[in-house]
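*Asks:* Below are the chains, spelled out letter by letter.
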Amino acid sequence: MPVMSYADAAKLAVAEAMRDDLTVWCVGEDLGRGGVFKQYTGLVEEFGPQRISDAPISEAAIMGAAFGAAMAGTRPIVEMRFADFALCATDELVNQIAKARFMFGGQSRAPMVIRKPMGMWRSSAAQHSQSLESWYTHIPGLVVCCPATPQDNYSMMKAAIACDDPVVYLEHKNIWASEGEVDTNHAVDFGKAALRRSGRHVTLVSWSHTANVCVEAAETLAHQGIEAEVIDLRSLWPWDKAAVFDSVRKTGRLLVAHEAVSVAGFGAEVVATVAQNIPMKALPKRLGSPRGLIAYAPNLEDQMRVTAPMIAKAAQDMMENEPA
Amino acid sequence: MPVMSYADAAKLAVAEAMRDDLTVWCVGEDLGRGGVFKQYTGLVEEFGPQRISDAPISEAAIMGAAFGAAMAGTRPIVEMRFADFALCATDELVNQIAKARFMFGGQSRAPMVIRKPMGMWRSSAAQHSQSLESWYTHIPGLVVCCPATPQDNYSMMKAAIACDDPVVYLEHKNIWASEGEVDTNHAVDFGKAALRRSGRHVTLVSWSHTANVCVEAAETLAHQGIEAEVIDLRSLWPWDKAAVFDSVRKTGRLLVAHEAVSVAGFGAEVVATVAQNIPMKALPKRLGSPRGLIAYAPNLEDQMRVTAPMIAKAAQDMMENEPA
Amino acid sequence: MSLSNFDREAGLARLRMMERIRAFEETARSAAIDEELVLGAIHLSIGQEAVATGVIETLRRDDYILSTHRGHGHTLAKGAQADAMMKELLGREGGCCGGKGGSMHIADFGVRMLGANGVVGANITIAAGAAHGIKLLGGDQIVVCFFGDGASNRGPFLEGVNWAGVFNLPILFVCEDNQYSASTLTSDMTSGNIADRARALGLRTTEADGNDVTTLAATAAEITARIRETGTPEFLMAKTYRISGHTYFDPATYRPEGEAERMQATTCPIARQREALVAAGVPSAELDALAKEAHAEMDRALDAARSAPWPADETAFADVQDIGSPLQEAF
Amino acid sequence: MSLSNFDREAGLARLRMMERIRAFEETARSAAIDEELVLGAIHLSIGQEAVATGVIETLRRDDYILSTHRGHGHTLAKGAQADAMMKELLGREGGCCGGKGGSMHIADFGVRMLGANGVVGANITIAAGAAHGIKLLGGDQIVVCFFGDGASNRGPFLEGVNWAGVFNLPILFVCEDNQYSASTLTSDMTSGNIADRARALGLRTTEADGNDVTTLAATAAEITARIRETGTPEFLMAKTYRISGHTYFDPATYRPEGEAERMQATTCPIARQREALVAAGVPSAELDALAKEAHAEMDRALDAARSAPWPADETAFADVQDIGSPLQEAF
Ligand SMILES: Cc1ncc(C[n+]2csc(CCOP(=O)(O)OP(=O)(O)O)c2C)c(N)n1
Ligand SMILES: Cc1ncc(C[n+]2csc(CCOP(=O)(O)OP(=O)(O)O)c2C)c(N)n1
Ligand SMILES: [Mg+2]
Ligand SMILES: [Mg+2]
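Residue numbers (this note's numbering), protein chains in the order written: chain A, 1188 to 1511; chain B, 1188 to 1511; chain C, 181 to 511; chain D, 181 to 511.
Okay, chain A solo, but in the shape it has when bound (with noise of 0.2 Å):
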């Protein structure tokens, strides 16, 4: 199996689909020069500039021509560039293209995928390291996808592409050069949770970057005796509520990890739903970004940040603050 990166395996898979089906195309801005973080690198080479389309600084035009397009029969990818300036296309996802389908009676579809890169790059400050996935959650009409790995990049970006639904497509900007193995006939269908280690202890729960990160704790945790099963949601809508709601079953600890604030993140919803479902041996944690803003400052930065020391903690104080 070949090994590549997590920008380069999410190349491959829009690569492929744009060779299998012609009406696949991607716009956003710089594309033609290989994207700001070169994850198109060599595309327009293959598939010109028609179906690799520069655009102007429009990401209100560029969300809601990229819509139109698809109205008329296109699958555009759409290229957001920082997940942060998705929010000057506000309206045109959330009230145009998620609803379009409903309002119209069924009468039209919005194949699209929307690219977002997403959370803390290194001193990128507070305009340009949001992680919203929370926002798209909430949204009725959007599927979310946050892959954490270059084979989940590859698997889901295909399944993005080919689904008919609008995907909004979160790539973590912190680990575009990872690598790993990418098996091109490995399919992941959403809703499906990646089981990133098993242990019978305490689940942990994540999702994008910190999904990895909830693996390097779980190592650690396990050389202190303590057996952490990671579940990677990869898409957080739908999720896989099956397979958190077994592993608490099993271990009886629930603890949430995701780079997001905390108030409102989506460890709010995995939290709750499994609060009023599953009786649990311990209260069940978050961890979560504070409510708090990015800063520039590596040390202010790191403030906001959970790492996999405050994930181990915090699974060691679920298993010795058993209630009686």
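Warning: the hint list may mix true and false statements.
[As the list claims (entries may be wrong)] Listed below are several chain A residues computed to face chain C (Cβ distance under 10 Å; list not exhaustive):
no., residue
1, P1189
2, S1240
3, P1243
4, I1249
5, A1256
6, A1257
7, A1259
8, G1260
9, D1278
10, E1279
11, K1286
12, F1289
13, Q1294
14, D1370
15, H1373
16, R1387
[To be verified] Over 12 Å on every C-beta distance to chain C, these chain D residues come out as not near it, computed from the model:
no., residue
17, G318
18, G411
19, Q444
[To be verified] Under the rule of at most 30 Å between Cα atoms (straight-line distance), these lysine-lysine pairs were calculated in the BS3-like manner:
no., chain 1, residue 1, chain 2, residue 2
20, A, K1225, C, K315
21, B, K1379, B, K1500
22, A, K1225, A, K1360
23, A, K1468, B, K1428
24, A, K1468, B, K1468
25, B, K1500, B, K1468
26, D, K419, D, K472
27, B, K1428, B, K1379
28, A, K1437, A, K1360
29, A, K1500, A, K1437
30, A, K1437, A, K1468
31, B, K1379, B, K1437
32, B, K1500, A, K1468
33, A, K1500, B, K1468
34, B, K1468, A, K1428
35, A, K1428, A, K1500
36, A, K1379, A, K1428
37, A, K1428, A, K1468
38, A, K1500, A, K1468
39, B, K1437, A, K1468
40, B, K1428, A, K1428
Simulated from the structure, these hints should not be mistaken for laboratory data.
Every residue, glycine too, gets a C-beta built ideally from N, C-alpha and C.
Given the coordinates of chain A, assemble chains B, C and D with the ligands onto it according to the supplied hints.
*Replies:* Positioned in the frame of chain A, the structure of chains B, C and D with the ligands alone reads:
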């Protein structure tokens, strides 16, 4: 004490603040003719068209310009007409207003009230009905208010105008005409819930119009011998954890109800926070809209609605299905 | 309009379409006011019928249009059935959007009417994109995007018109300038002039009397033929006037006393077209019959709508999405 | 520029400011590349120094400016201290934003520089609003809003410029046309022409050579005086060229071979100003000394920044908000 409508109560608060402080002004489309819900009727006659300012259909500029004017020393009240249209100004609110003070190291302030009439209002369909309060609670830098009564719409508007932070102020469209006594000496602090009813069996937590629906449900429950405590959070950020914790410690049962979509709604935050801190007698519950869209036809619209009977039924179930 | 080459048949067809639009809206209005059958807000285009009629008659069935919150006229002119539209306004089964959209989201993809829109100006980028899609797929259709004067103050106006220019797309933007943005005079909130904005954005721009259906149709025919030929976007400013209020329940007291009456008397496109036809020798009885027929059609549409059932409750959960649909995940 | 009325002192002051801007950015770039001291992206305005210099010298200290992601020059020209700015780029205590903003959010409210902005075009509506605030408060300050050519394709350009026109606000919009939007030639993505957009939005619009600081300053002086006098907004198109890449690490291979070198040789505003001063009889040794002094100032700024501590960890939680602050509600 005078009796007045929810709309008029806020208007009185605005007028009083404008009399006291010449830097307070309102800006939005059609304000000179009273605004689309008549919540500004008569103000232009008293304060003139500069301070009750019309605006072009430019939500991004209304929000952005008001922010600039706030940095230059005024205290704008921004009218977004429907909360849905505020999505056209998301970058301005989230990337600019909420972050400026922090990004600039405390050099700037944005004392603004951003009024976003929200919620279902018969047959307004998918683009004029949304409740997106949980989005704003997820954004550091913002205060979030959801008044449910004329008294609170008076007192909280007063507090919001006086506040030096940007306040997202969500009035519910369905209760503009609802009437109640208003004590103009009664102040409300952000983060202090209203105890709308006391009870010892189950804690109902809600806000905005659904808080009123919970009071109705509690009356039904009382006839069945179930004493529900109804907590109206009023402000969602900050929210009154202490009041909720105290109540749940007493009742041992938590039911959160809101109009917004359940998935990643603020109910998840409340349930998760309580579940992380307090062992309960029964599994907690949430009632919110299914993750579906709001239709025009009334019977379809009703499928998305949380009603008093649904709340009462859920509370009853919690009393019956007591774990042994 | 010169009488010499006045085409009687075309003139009658245009009057018929305008009468149908007027009758549809008058019927809907009385259904709303007298019977409270229409539950949500409806925005009437009374006085503006010539724009929809004159422009859309120049399109093929497979051309696309996109509309605004004031979309009944465009939808009828593109060929949608009044029946299904009226059912939609009443929120009934058989409505063109299954009762989910109502007036503000009226759409008929069968005739390539890609929807009214509740967000002012939002259709401009979407329409540019539909034209982009046509170009990518190598089609020979064109797109017409209607919007109001007030919409020209929203960012998507600039972004969408620029997009069409940059990618050289087969689209006609039609600004229906009825002078008002809800209760506000658009000129009070607009710096410069809308047609100049379009020109500055690189588009060939034509200004026309939007209440003279005959010359408007001729102008539109030239423009749409040119767009189909060259694939290059253009812009049409159509000056018109909304005789009714902003919504059906708006008394429009913000207008200067007598303005609406004066405009109705002088610019109503239906009255003008009737005069033209009478001048061309058509007996006025024939014209009256045509109006009566239009009203009868809409009465029948209302009757059908009135007796149609509500949509089945379960449809509330359908057509949200395939993956993670509320049909599977209701709560 | 006619030599006859060339003001030697002003000319030297302008050269000094441009040299300071250039030296600040060259110092920051080598701190980033050679020492990895600058952690985030920085956008250099090398080649564009004349615009900040020529326009801002016409302002009062209490006038406001708003800038873009490429804001070092504007900030220095408005009077901010290089020390505090360099500390900000290094994310240190004493940085003008306490290390929270970095280059892309550089700001100094003390000199009424209301911030750089990481979102292209977002400053345009905010700037219009600052001018709105001045008008409401009855002040006599004016606002200058800088943005790039690429920003003219964003909706807020239309909404903000229209706003200024409608409310007749004391603001000058300055488009620094360096021809590129990151790696894209702006003209490839722009239909029509930017100055025409401003004119169509009702603003008096002047086009100027943005690399000739002398005439630019004269033009700007006329314009800003007029704005202060009339309170009416205007627009200035300043043609310039970014000699460096988009970010300090951008090799800018998307530019035609030799373009940057040719432009540097022919249009560099610092080289042109030096020539003019030499022609006016200033010894070049004096000019060299001035450049050296600028570099020495920035070396000192970098030394101070390098040895400054990180901001205290707790400051990460301060200045978010008063009500519901993370200081009270950390997790
Ligand atoms: C983004 C947005 N802002 C405000 C509104 C409320 N609104 C609905 S129609 C309208 C007036 C639109 O004026 P114009 O574009 O001229 O169209 P007209 O109503 O005159 O046909 C307004 C302000 C809206 N629907 N969307
Ligand atoms: C809304 C938004 N879209 C995209 C970007 C990414 N970006 C940063 S600078 C830039 C180019 C801006 O071009 P221009 O306005 O001409 O300014 P210049 O960089 O040439 O000074 C882009 C696309 C952004 N910061 N904000
Ligand atoms: Mg209008
Ligand atoms: Mg540029």
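*Asks:* Indicate, hint by hint, whether the structure satisfies it.
*Replies:* Hints versus structure:
1. P1189: violated (28 Å)
2. S1240: holds (8 Å)
3. P1243: holds (6 Å)
4. I1249: holds (8 Å)
5. A1256: Result: holds, 4 Å to nearest chain C Cβ.
6. A1257: Given a least distance of 7 Å, the restraint on A1257(A) holds.
7. A1259: holds (3 Å)
8. G1260: Hint on G1260(A): holds, closest Cβ of chain C at ~6 Å, below 10 Å.
9. D1278: holds (6 Å)
10. E1279: Holds, because the Cβ-Cβ distance from E1279(A) to chain C comes to roughly 7 Å (cut-off 10 Å).
11. K1286: With Cβ-Cβ at 9 Å, under 10 Å, it holds.
12. F1289: Check passed: Cβ of F1289(A) comes within 5 Å of chain C, closer than 10 Å.
13. Q1294: holds (4 Å)
14. D1370: violated (22 Å)
15. H1373: violated (19 Å)
16. R1387: violated (29 Å)
17. G318: With a cut-off of 12 Å, G318(D) remains clear of chain C, as the shortest Cβ separation is near 22 Å.
18. G411: Holds, since 14 Å exceeds 12 Å.
19. Q444: holds (29 Å)
20. K1225(A) <-> K315(C): holds (27 Å)
21. K1379(B) <-> K1500(B): holds (28 Å)
22. K1225(A) <-> K1360(A): OK: K1225(A) and K1360(A) at ~12 Å, within 30 Å.
23. K1468(A) <-> K1428(B): holds (23 Å)
24. K1468(A) <-> K1468(B): Given that 30 Å is the threshold and the Cα spacing comes to 14 Å, the pair holds.
25. K1500(B) <-> K1468(B): Given that 30 Å is the threshold and the Cα spacing comes to 18 Å, the pair holds.
26. K419(D) <-> K472(D): holds (28 Å)
27. K1428(B) <-> K1379(B): holds (9 Å)
28. K1437(A) <-> K1360(A): violated (34 Å)
29. K1500(A) <-> K1437(A): holds (21 Å)
30. K1437(A) <-> K1468(A): It holds: about 10 Å lies between the C-alpha atoms, which stays within 30 Å.
31. K1379(B) <-> K1437(B): holds (18 Å)
32. K1500(B) <-> K1468(A): Status holds; Cα separation ~28 Å.
33. K1500(A) <-> K1468(B): holds (28 Å)
34. K1468(B) <-> K1428(A): With a Cα-Cα distance of about 23 Å, the restraint between K1468(B) and K1428(A) holds, given a limit of 30 Å.
35. K1428(A) <-> K1500(A): Holds. K1428(A) to K1500(A) sits at ~25 Å (cutoff 30 Å).
36. K1379(A) <-> K1428(A): It holds: about 9 Å lies between the C-alpha atoms, which stays within 30 Å.
37. K1428(A) <-> K1468(A): holds (19 Å)
38. K1500(A) <-> K1468(A): The given pair, whose Cα atoms are some 18 Å apart, holds under the 30 Å limit.
39. K1437(B) <-> K1468(A): holds (22 Å)
40. K1428(B) <-> K1428(A): At roughly 27 Å apart (the allowed maximum being 30 Å), K1428(A) and K1428(B) satisfy the hint.
Checked against the numbered hints above, the structure breaks hints 1, 14, 15, 16 and 28 and satisfies the rest.
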